[in-house]
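Undergrad: Residue numbers (this note's numbering), protein chains in the order written: chain F, 279 to 511; chain H, 533 to 951.
What the hints contain is simulated information worked out from the structure, not anything from laboratory work. Warning: the hint list may mix true and false statements.
To be verified - No farther apart than 30 Å at their CA atoms in a straight line, the calculated lysine-lysine pairs in the DSBU-like style are these:
id, chain 1, residue 1, chain 2, residue 2
1, H, Lys637, H, Lys763
2, F, Lys424, H, Lys548
3, F, Lys479, H, Lys845
4, F, Lys465, H, Lys845
5, H, Lys793, H, Lys581
6, F, Lys424, H, Lys845
7, H, Lys637, F, Lys402
8, H, Lys595, H, Lys793
9, H, Lys581, H, Lys668
10, H, Lys581, H, Lys663
11, F, Lys465, F, Lys402
12, H, Lys764, H, Lys663
13, H, Lys637, H, Lys764
14, F, Lys465, F, Lys479
15, H, Lys764, H, Lys595
If you're wondering where the values come from, they're calculated on a predicted model, not measured in any experiment.
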Amino acid sequence: MSAKVNSTADIALRCTNLHRYLGQGEGRVHVLRGVSFEARRGNVTAIVGPSGCGKSTTLYLLGLLDRPDDGSIWIRDQLMSNSSDSDRTAARGEHIGFVFQFHFLMQEFSALDNVMMPMRKLGKLAEDEMAARAASLLNDVGLGDKTHRLATQLSGGEQQRVAIARALANQPAIILADEPTGNLDAKNSGIVFDLLTRLAKENGQAVVLVTHNPDIANRCDEIKPMRDGEFVN
Amino acid sequence: MSNNLRIALRFLTARKRSMLMSLSGIVFGVGFFIVTQAQTSGFEEFFVKTILGTNGAIRIEDKLQATMFFMPATNSYQESEFQLKTPREARKYIEGVEEPDAMMKALREFRNVSGVSIIVEGSVIADSSFKNDTAKVLGIRLDDHLAVSDLAAQVGRGSGSLDDFRTTPQGLLMGLELAKRLQLVVGDSVILRAGTEQRRYRLSGIFTTGVRDIDRIRIYMHLGEARSLLKKATGASSIQVALFDRDRAPQDAAQMEQVLKHGAQSWQEREVSWLEAFHALQISAALTVSTIILISGLGMFNTLAMIVIEKTKEIAILRSMGYTRQDIARIFIWLGAIVLVIGTVGGWLLGAGVTYGVSKYPIHLRGIFSADNFQVHWSIWHYVVGTITAGVVVMTAAIIPARRAARLEPGDIIRGTSQ
Numbered sequence: 279m280s281a282k283v284n285s286t287a288d289i290a291l292r293c294t295n296l297h298r299y300l301g302q303g304e305g306r307v308h309v310l311r312g313v314s315f316e317a318r319r320g321n322v323t324a325i326v327g328p329s330g331c332g333k334s335t336t337l338y339l340l341g342l343l344d345r346p347d348d349g350s351i352w353i354r355d356q357l358m359s360n361s362s363d364s365d366r367t368a369a370r371g372e373h374i375g376f377v378f379q380f381h382f383l384m385q386e387f388s389a390l391d392n393v394m395m396p397m398r399k400l401g402k403l404a405e406d407e408m409a410a411r412a413a414s415l416l417n418d419v420g421l422g423d424k425t426h427r428l429a430t431q432l433s434g435g436e437q438q439r440v441a442i443a444r445a446l447a448n449q450p451a452i453i454l455a456d457e458p459t460g461n462l463d464a465k466n467s468g469i470v471f472d473l474l475t476r477l478a479k480e481n482g483q484a485v486v487l488v489t490h491n492p493d494i495a496n497r498c499d500e501i502k503p504m505r506d507g508e509f510v511n
Numbered sequence: 533m534s535n536n537l538r539i540a541l542r543f544l545t546a547r548k549r550s551m552l553m554s555l556s557g558i559v560f561g562v563g564f565f566i567v568t569q570a571q572t573s574g575f576e577e578f579f580v581k582t583i584l585g586t587n588g589a590i591r592i593e594d595k596l597q598a599t600m601f602f603m604p605a606t607n608s609y610q611e612s613e614f615q616l617k618t619p620r621e622a623r624k625y626i627e628g629v630e631e632p633d634a635m636m637k638a639l640r641e642f643r644n645v646s647g648v649s650i651i652v653e654g655s656v657i658a659d660s661s662f663k664n665d666t667a668k669v670l671g672i673r674l675d676d677h678l679a680v681s682d683l684a685a686q687v688g689r690g691s692g693s694l695d696d697f698r699t700t701p702q703g704l705l706m707g708l709e710l711a712k713r714l715q716l717v718v719g720d721s722v723i724l725r726a727g728t729e730q731r732r733y734r735l736s737g738i739f740t741t742g743v744r745d746i747d748r749i750r751i752y753m754h755l756g757e758a759r760s761l762l763k764k765a766t767g768a769s770s771i772q773v774a775l776f777d778r779d780r781a782p783q784d785a786a787q788m789e790q791v792l793k794h795g796a797q798s799w800q801e802r803e804v805s806w807l808e809a810f811h812a813l814q815i816s817a818a819l820t821v822s823t824i825i826l827i828s829g830l831g832m833f834n835t836l837a838m839i840v841i842e843k844t845k846e847i848a849i850l851r852s853m854g855y856t857r858q859d860i861a862r863i864f865i866w867l868g869a870i871v872l873v874i875g876t877v878g879g880w881l882l883g884a885g886v887t888y889g890v891s892k893y894p895i896h897l898r899g900i901f902s903a904d905n906f907q908v909h910w911s912i913w914h915y916v917v918g919t920i921t922a923g924v925v926v927m928t929a930a931i932i933p934a935r936r937a938a939r940l941e942p943g944d945i946i947r948g949t950s951q
């Protein structure tokens, strides 16, 4: 476990009193009931709980992929919960990296192209710099010899490793992972988790992951159990 | 290369078969659009050349005499003005041109006029040893008339020679259909009767304009001989005018009418019914062929809508990486644009190839003109209009799915696939 730092400068992501309703009319469900949370740089936090308790919904709100019905979200001290679609999109590109249960690689592109995709959008590096960084990231996740393979030519574990490299591409402050090992066998789960946490810690990134896997959760710096739309204990 | 274009190029292969079908539709649509326009305008162009080569761009005919003048004291702004106005109904026409040589001189002063020819015209009965038939004699000065018509080429397509006509005062040039009916060949003699006058002439040449109605009745003879036969010692029936820029004929005719006080009819006014028929045919062909492009556009819309459905996960992940709604829309607009560019370039090549092939196809057309192969007109505008039509259809078909893709909420998509 890494030492916890209480400085607010270390807080990469913060939310208070998040409420979210899903559905309409009689089917409307109060999914999140006042969730508050902080994610610190270099820390790995696991959100655990039974299916339907609101783990993924929390993650999508934190990742600015969804809007809360109430409550506030700060990304690096900037209030984002009520910001415009373009500001939220820009913040996602610059500060947040996503790893999903299903890797969501672009099947028509090579591993290298997939990792370069967020860099190309951000546009901070030249083309050769982007290619070099993408190759380096793929090397870090153990795919240095498969950079030019199409996503379809990689195994499930390899595709998830490419997705991790892609999430790290723009050196975001926050990595949000939704069941990153949920679709992998035990061996690959261990590899992917170790890789994600090691690289994030090396780069001082805050990692928030949602998982059903108790072994994975127990290896995180912090565990936030969730039940019926609220964090418990 | 733009990143959105790079993604669009890869998405293009997502539904190869239906994309290829849409693409071929655009290629065939644009191609056939070009071919039909080239053909219809080709025949129109050929018709125009025929009538210009036969009757000229402008004909000056009857003298205008105003019977009434208006001199308004003020205009609609209550300002005084001095102007003589002759309403159309207050004009009287006096048949023919009284001073044709003065008129020719005046006509040559117009900047757009390239040639002027005096014509003395009258009806006659032509007697051959086989039968007789009615005909219309046009007395001309050969060199003047060659400058305002395609008579040399028309004789070339027929038989005999202009040189023989030029050197033979009693020589005639006769339309092919009339010569056939009278069973005359070059060198034969023919008697022309006009009123009480009756003279024998020698057939120097047979011409064919391609316009059956003209070839059936027209005879050219020397101007002096025509004056003598028709007893028209002075004046002229009409003056045929050729122009450098034929499209300015209506404006020039109006100006000539104003200045020379003679009725002047442009070829566009003279042949209005045929020209309108050609235009109607051209529009009809364009509309018919545009349906191919329209159907391809519907196919394109369908294909792109399917790609949006198939690529929702990719759209969501792109949005999560910071791609804006505009980026997503642009990817699908690029898809449409790529198909449009490939389709129209393919359509141009197909259109040009088929147009060339068709122009070599032999046909035997006689009636309003004489043609021995398909007539085509090469115009950049056929390509431009075909491209614009395809552009409007394809881009409309692309914009709707693009807007739909841009509206997708990444959270909704990911929630739907990960839980």
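Undergrad: Take the hints in turn and mark each one as holding or not.
TA: Tested hints:
1. H:Lys637 - H:Lys763: holds, 24 Å
2. F:Lys424 - H:Lys548: holds, 27 Å
3. F:Lys479 - H:Lys845: holds, 29 Å
4. F:Lys465 - H:Lys845: OK: F:Lys465 and H:Lys845 at ~27 Å, within 30 Å.
5. H:Lys793 - H:Lys581: holds, 28 Å
6. F:Lys424 - H:Lys845: holds, 24 Å
7. H:Lys637 - F:Lys402: violated, 77 Å
8. H:Lys595 - H:Lys793: Holds: H:Lys595 and H:Lys793 sit about 6 Å apart, inside 30 Å.
9. H:Lys581 - H:Lys668: holds, 22 Å
10. H:Lys581 - H:Lys663: Since the Cα atoms of H:Lys581 and H:Lys663 sit roughly 33 Å apart, the hinted pair is violated (cutoff 30 Å).
11. F:Lys465 - F:Lys402: The hint is violated at about 36 Å.
12. H:Lys764 - H:Lys663: Given pair H:Lys764, H:Lys663 holds - Cα atoms ~27 Å apart, limit 30 Å.
13. H:Lys637 - H:Lys764: Judged against 30 Å, a Cα distance of about 21 Å means the pair holds.
14. F:Lys465 - F:Lys479: holds, 21 Å
15. H:Lys764 - H:Lys595: The given pair, whose Cα atoms are some 16 Å apart, holds under the 30 Å limit.
The structure is inconsistent with the numbered hints 7, 10, 11, although it conforms to all the rest.
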